[in-house]
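**Student:** Each chain is listed here by its residues.
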Amino acid sequence: SQTIHQWPATLVQPVGSPLSLECTVEGTSNPNLYWYRQAAGRGLQLLFYSVGIGQISSEVPQNLSASRPQDRQFILSSKKLLLSDSGFYLCAWGQAIPYNSPLHFGNGTRLTVT
Amino acid sequence: AQKVTQAQTEISVVEKEDVTLDCVYETRDTTYYLFWYKQPPSGELVFLIRRNSFDEQNEISGRYSWNFQKSTSSFNFTITASQVVDSAVYFCALRPITDYGQNFVFGPGTRLSVLP
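Protein chains in written order, with the working numbering: chain L, 1 to 114; chain S, 1 to 116.
Any given hint could turn out to be false.
[What the hints assert, rightly or not] Each pair of labels, with its calculated beta carbon distance range:
(1) 56/S to 20/L: 37 to 47 angstroms
(2) 67/L to 55/S: 36 to 46 angstroms
(3) 51/L to 31/S: 29 to 39 angstroms
(4) 84/S to 41/L: 35 to 45 angstroms
(5) 7/S to 54/L: 39 to 49 angstroms
(6) 98/S to 39/L: 18 to 28 angstroms
(7) 55/L to 10/S: 34 to 44 angstroms
(8) 41/L to 81/S: 24 to 34 angstroms
Rather than coming from a laboratory, the hints here were simulated on the basis of the structure. Where is the CB? At the ideal position from N, CA and C, for every residue including glycine.
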């Protein structure tokens, strides 16, 4: 069966510090991978998605970046965190086809920038 | 444009009441897919159900039922005899096949509180 791992679960970082969140998927190959952010009490904001190694699509211009160095690994990074980067970050994977395949989410990382 | 609207921001019910969560979507695609997710306080989004645009058959799973009406672009979710464990944020999502179905469009979510 497929599983998705996301870490760390919680993170407290000072403003201006770097960020690296990692997500890995097991049990499937060539998944579509996604990073979402959820501000407190708000909906899901798509940050990045990837349909293959090295292929990253950015949905929101900001100081975050994403990379996909391996087929089932997706990394969210920042060189310098802002207070506004605080939130709940969710990694998800899905199958390109069939189209009725749902997204499967990790447990999320709660990031607090102080 | 692709859009999902969940007009109910928050709903509170007393345990054992029935509750319906509304979802209205917009898409120009003739083929698309709809999903419901549950986000309990722990934070992880849990997939509940999917529906294809060409299948308007309603579905029941235990206390959960879904009503898909293509004519009104709605995909509503009903919980019968609600329980405290149903308290969560519920998201409706649309997956159009535009751009090879890469993107999922999520609604803003409805926070359901079931009071004992």
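**Student:** Decide, hint by hint, whether the structure agrees.
**Tutor:** Now the hints, each set against the structure:
1. 56/S to 20/L: 37 to 47 angstroms: 45 angstroms, holds
2. 67/L to 55/S: 36 to 46 angstroms: 38 angstroms, holds
3. 51/L to 31/S: 29 to 39 angstroms: 19 angstroms, violated
4. 84/S to 41/L: 35 to 45 angstroms: 20 angstroms, violated
5. 7/S to 54/L: 39 to 49 angstroms: 40 angstroms, holds
6. 98/S to 39/L: 18 to 28 angstroms: Between residue 98/S and residue 39/L, where Cβ atoms are some 27 angstroms apart, the hint holds.
7. 55/L to 10/S: 34 to 44 angstroms: 38 angstroms, holds
8. 41/L to 81/S: 24 to 34 angstroms: 27 angstroms, holds
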